[in-house]
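A.B. asks: Let's have the full structure, built from the sequences with the hints guiding it.
Just so you know, the sequences run in chain order Z and Y. Start counting the first sequence at 0; every next residue gets the next number (numbering that gives the first Met the number 0). Start counting the second sequence at 0; every next residue gets the next number (numbering that gives the first Met the number 0).
Hints in this document: simulated from the structure, not taken from any laboratory. Any given hint could be a false lead.
Remember, identical chains collapse to one label, so a pair may be satisfied in a single copy or spanning two.
[Claimed, not checked] Computed cross-link-like contacts, DSS-like style, restricted to lysine-lysine with a CA-CA straight-line distance of at most 30 Å:
no.: 1; residue 1: K3; residue 2: K29
no.: 2; residue 1: K150; residue 2: K67
no.: 3; residue 1: K35; residue 2: K132
no.: 4; residue 1: K12; residue 2: K132
Protein chains: 2
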Amino acid sequence: MEAKTLLQEHIAKTASLTQEEFDYFFSHFKPLSFKKGQTIISEGDKVDCEYFVVSGCLKAFFINDEIKMYILQFAMPTWWTSDYNALYNQTPAQINVDCITDAEVLCLSSSDREKLCAEFHQIEHFFRWRTNKGYIASQKRLLSFMNNNVKTRYEELLALYPQLYNLVPKHLIAAYLGVSRETLSRLHNS
Amino acid sequence: MEAKTLLQEHIAKTASLTQEEFDYFFSHFKPLSFKKGQTIISEGDKVDCEYFVVSGCLKAFFINDEIKMYILQFAMPTWWTSDYNALYNQTPAQINVDCITDAEVLCLSSSDREKLCAEFHQIEHFFRWRTNKGYIASQKRLLSFMNNNVKTRYEELLALYPQLYNLVPKHLIAAYLGVSRETLSRLHNS
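C.D. replies: Below is the structure:
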């Protein structure tokens, strides 16, 4: 689907904008294409934008002091991603975002988002709802970390991203769950 | 400080409301008092409200299948808390909220929050900002879980809640960090 149509349908689920208002809103987004493996945000970067995924799949991840990778989020079409702490607090990025597959995204700067929210109540409403969804997803991810029951966590992951098992290399799914590849195969076949 | 003044000063940092608008906004909040140890949300509950802390300290926590308690958040004056997943998705609570000390809170129902956001752009703006802060705090909490460096996590905790070490029993701070009380003493004295 064309990027503009995808974003318009995504917004329309939450906010009522006229075509003219949406055209104006859309004019603030910058389309970007990335190749599989390319990095969008690296730890330490200054972060000015958030990204709406049009096609492909991104991952947001963190590498700890023991060089262990943890995946915070897989971002698929109509998902948004960034390092929101770095974006809002103007601190260096603590996480990385890169492309699991070739990907197209729409990039919105923080200053444009704030301007648009101030100009249109409906756009502020959309971003409240969007942030809310992100907050809830983050809380669920936190609970899944606290929950030692790997089978439950695996089922939650598949409920959240039904197409994931076929789309994403198995070692990344294992890194999301914090388990070995062998444990993942056992969960998948049980 | 009186509950109404505390909320008004809290809101005024982000949103411009006339006194009349704030009075109307405030009329939707219900003041509640709790004793130390009392439960506000239990796992499995239907959740209809979110809570603005006026005085005292609450904790939001999760108990996993191995009966280990994890603390998601300490909520002090001017912090908001609830089980936001349960609140927005109308699912049973997955977490618990109770009172570490005697506490006074202001309770706002989900339906009133949505009504107020629709009525006033400035209130929608406030709640977008508030949710955003919650989202960022949740992301930081998630990163702190992924980070094996306990000393860094302890320093982050004290930066987030400077008065915590004197206010909250040590075993709860240890439960937030996921370490033993002995490790906590060592960190505190190092």
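A.B. asks: Could you place K12 and K132 in one of the four classes (within, between, both, neither) given a Cα distance threshold of 30 Å?
C.D. replies: both (13 Å within a copy, 24 Å between copies)
A.B. asks: At 30 Å max between alpha carbons, let me know whether K35 reaches K132 within a copy, between copies, both or neither.
C.D. replies: For K35 and K132, the Cα distance is within 30 Å only inside one copy (27 Å; across copies 32 Å).
A.B. asks: Between the shortest in-copy and the shortest cross-copy C-alpha distance, which are at most 30 Å for K3 and K29: within, between, both, or neither?
C.D. replies: Within one copy only: 11 Å inside, 44 Å across.
A.B. asks: Under a CA distance limit of 30 Å, which applies to K150 and K67: within one copy, between copies, both, or neither?
C.D. replies: For K150 and K67, the Cα distance is within 30 Å both inside one copy (21 Å) and across copies (18 Å).
Against the hints set out earlier in the document, no violation occurs for any number.
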